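Participant: Sequence:
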Amino acid sequence: MKKQVEETLECLIGHPFWGAGRALNLLTFQFGPRQWRTSRRGQSYEVGTYALHVQCAWRLTDAQHILVASGDRYSEPTEESEETIQNNDSEIYTHGKTEKTLLDERLLNFFLKGEKTPCLVQAIRADDFGGFTIELSQNHKLTAFPSASDDTECWRFFHLSNEDSPHFVVTGEGIDNQEE
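With UniProt numbering, the residue at position 99 of the sequence shown is 99, and numbering never jumps.
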């Protein structure tokens, strides 16, 4: 599984990591050149060429700290950031109509700081259980840890420009390529 994960994600190398969004416990990370899409309701929104949807434990770190992690969705944002989160109309971080959390605050701040100079993907490392680390410039890393032993989806990766390409899906039981 390690080799398949690394080979699938290696297309990210050299591309920017520039945005994210959240719907409940699903995090969507955006990589690569930006593209505009139109929703079923006719609203325009921006996405990356590559999308990584994560529903397992994950964390974003620098060389010395955990900057934000999946468990932060259970904590309230700091008071000084609530207004920033509420007034965010940028495409770099979206959170739908869900209650705002520390995770939302910290991801928004991470992407706002990197808006002018986003992190670039430098390397991909995977383990034998579907986990991965995406090594980024500026000493940042995005790491995911599948944490299910059944067929629960842990994460999926797909190429938005190529609608015919299958989704690469990792569950607690292994890899499940899906035509979606």
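Be aware that one or more of the hints could be misleading.
[Unchecked claim] Below are the DSBU-like pairs computed for lysine-lysine, each with C-alpha atoms no more than 30 Å apart in a straight line: (1) K113 x K141; (2) K100 x K113; (3) K100 x K116; (4) K141 x K3.
Keep in mind that the hints were calculated from the coordinates and are not lab data.
Remember, predicted model here, so these are calculated numbers, not experimental data.
Participant: Look at each hint and say if it fits the structure.
Facilitator: Quick rundown of the hints versus the structure:
1. K113 x K141: Roughly 16 Å separates the two Cα atoms, so the pair holds.
2. K100 x K113: OK: K100 and K113 at ~19 Å, within 30 Å.
3. K100 x K116: Satisfied, since the Cα-Cα distance of roughly 25 Å is no more than 30 Å.
4. K141 x K3: Holds. K141 to K3 sits at ~19 Å (cutoff 30 Å).
Comparing the model with each earlier hint shows no violations; every hint is respected.
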